[in-house]
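In case you want the letters, here they are:
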Amino acid sequence: MKRLTAAFVLMLVALAGAQAKPDFSGRWTTDPDPAAAAAQPARGGGQGAPGRGGQPADVGSGWGSTITVTQAATSLTVEYAFFTRGDMQPPLKFVYALDGSESKNTVMMGRGLQVHTSRTTWAGDSLVITSAYTYTDPQSGKPATAEVKRTLKLESPTSLSIETVYGGVMGGPATTTRTTYRKI
Amino acid sequence: MRPSIRAAGVIALLLLVRAVSAVPAAQGRQAAAPRPAQSATRPNIVLIVPDNLGWGEVGAYGSVRGNVTPRIDKLAAEGIRLTNFNVEFSCTVSRAALLTGRYAIRTGATQGNGMTLWEITIAEALKTVGYATGLFGKYHVGGDAPEGKRDPGQQGFDEFYGIPRTSNEAQTTVANGQQAAGTSFIWEGGAGKTTRNVKPFDMDTRRTVDRESAERGIAFMERAVKARQPFFMYYPITQIHFPTLAHPDYAGKTGAGDIADAMADTDHNVSLVLDALDRLQISRNTIVFWCPDNGAEQRRPWRGSAGPWSGFYNTVMEGGVRVPCIIRWPGHIQAGRVSNEIVHQIDIFPTLAAAVGADIVPHDRAFDGVNQLPFLEGKQPKSNRDNVLFYANTSLRAVKYRDWKFHYVFQSEPGAAPAGSAMRLFNLLSDPKEESDIKDSNPWVKSITDRLVAEFVATTSKYPHVPPNAPDPYTPPVKRP
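Protein chains in written order, with my numbering: chain A, 1 to 184; chain R, 1001 to 1481.
The hints are simulated quantities; they were obtained by calculation from the structure and are not laboratory data. Just so we're clear, the structure is a prediction, and the values are computed from it rather than from any experiment. Idealized CB from N, CA, C, for every residue including glycine. Heads up, some of the hints might be wrong.
Claimed, not checked - Partner residues aside, some chain R positions facing chain A, computed with beta carbon under 7 Å: (1) GLY1182; (2) ARG1223; (3) VAL1409; (4) ALA1422; (5) SER1441; (6) SER1447; (7) ARG1451.
Next up, chain A with everything else stripped away, as it sits in the complex (with noise of 0.2 Å):
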């Protein structure tokens, strides 16, 4: 009896905290509600005030304004429109292992096959994705990686905030937005 009630309290514990683990999934975009908008007067974003509706500018979350985010048991998939569609080309599409294992993603920008390799953690409810882009050291000509650490999180059911390191090199900096999404 006493090892059915371990096991049976075990049992909840684990589900409890698999309820904790927050899904992302939904169509998601940074661009404003119209219905927000129509409400506040309008704002322009002329010479002296960059970036729409005089927002300053950002290197945003690196996925794009409007994405689709598909959550499963064991990996989130991340996709967005890159092209027009008269380029005739597919959204681009990343996918991420949830079990801590590596996921390598690549892409065409037109440069070759464009390569990073990403590890997810979760860190409350939280996810931690961060991944390392290759690139050629523009001073040495040899290979070198760049680090984006991108932590998602839920603030409401219909907002999601996307804050994103981007490691700096060769003595540089590094970069930190923090991007919210609402959904649609």
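Given chain A, work out where chain R should sit, using these hints.
What follows is chain R alone, placed relative to chain A:
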């Protein structure tokens, strides 16, 4: 700066120059050249700067309007043709950068107010080593009312002729900053002379001012040769800035429109200057630069061509800041050479200083230009520059690092709102039109461009920028300990 302090600075510069120029750096290179009709100790300099002239207007760069620039093309064949020559994005700031060897943001130059007399120009520097200096064409770094306040005579030019401001005044004859018609003039003057209005600058004189400037520039060169004095002839051509209306000799001549006519007109005026060098037997001892102030004219109906690049002047798209540049110096620069190495207009000042063999660049302020003479002479394969910062007046817009260009603010059309909230990255070899933002797949580049910006900004603690619209006399703040 008070006049006495400025005079002391010039004297100090003169003493330094005399000490440095005792080393005859350029004399050895001159040995093989035939003896010119003029003193061979220092080369003459002809700096030809057309206005709002995009890459696609020149035959040697793949003109889109047919064969309308044969003489400029021949000049390209006689010298080096740079294919990654960078400039500031607009008239006044470009000319300020060119003349001072400093990014214009350091000078505080604005169209309405020009730049302070504290700035030391190429002309001022060359005068300290005995050059005759003349400006024939468009000035546009003296502000709205430069006469007697910020005119070329106060910035090192012995004599000048042309227009104080810019060409579009001809459409209304209203000088910038004025209200009444008939206030825009062609002027002339010089160091220690009273500036004089010669005649109205209107739609007729707009067509002829470049020819007149060339003729006066040639007369200036002839006088210098006669006096056996090395000279600096700055010929900032007003074409093909709008209104792009050619000399009557060329109006309608090409059958390819106003811009083609204006280019043919410009080509002719350039030929007048180059032929004069030949006639005076000084071509071998004269460095000729031909490089526009900024990229393609944008205003219709005289919309220019940026060739393979996107954008126009008043943007930092390549079409606005990457322009043709031809440099000829027989016996020093290999004829017919083409290079895609990065060079900037601010490099001309220190390069000329090296060419004349004198340390005439100022050392009491931040100075951004680098000496490109070893590269131009083929003594090293690479340029001494691998990056360029692009400001739109006081706003950082982009950084070029090697073949990469990172836009901190992306604006593809002049005057338009910046597009989107995202910074953008392009590789100029795989995407010369700056169309496909690839920062997401190349996240390392921004770290490098951020460092370059940080290094530039760090210099301002020792050498603060001259504030925009700063009045004369300007005195820099006391340096921090």
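Discussion item. Quick check on the hint: ARG1451/R CB to chain A CB, less than 7 Å?
Written reply: holds (4 Å)
With a cut-off of 7 Å, does the beta carbon of ARG1223/R approach a beta carbon of chain A closely enough for the hint to hold?
-> violated (45 Å)
Check: Once the shortest beta carbon distance from SER1441/R to chain A is found, is it less than 7 Å?
Finding: At 5 Å from the nearest chain A Cβ, SER1441/R passes the 7 Å test, so the hint holds.
Let me know if the C-beta of VAL1409/R comes in closer than 7 Å to any C-beta of chain A, holds or violated. VAL1409/R check passes; min Cβ-Cβ to chain A is 4 Å, inside 7 Å.
- Should the hint that GLY1182/R touches chain A count as held when the rule is a Cβ pair under 7 Å? violated (32 Å)
>> Restraint: ALA1422/R near chain A, CB-CB cut 7 Å. Satisfied or not?
In response: holds (5 Å)
Against chain A, run the beta carbon of SER1447/R and see if the smallest gap drops under 7 Å. Holds. Min distance 3 Å.
Hints 1 and 2, counting from the list given before, are not met by this structure.
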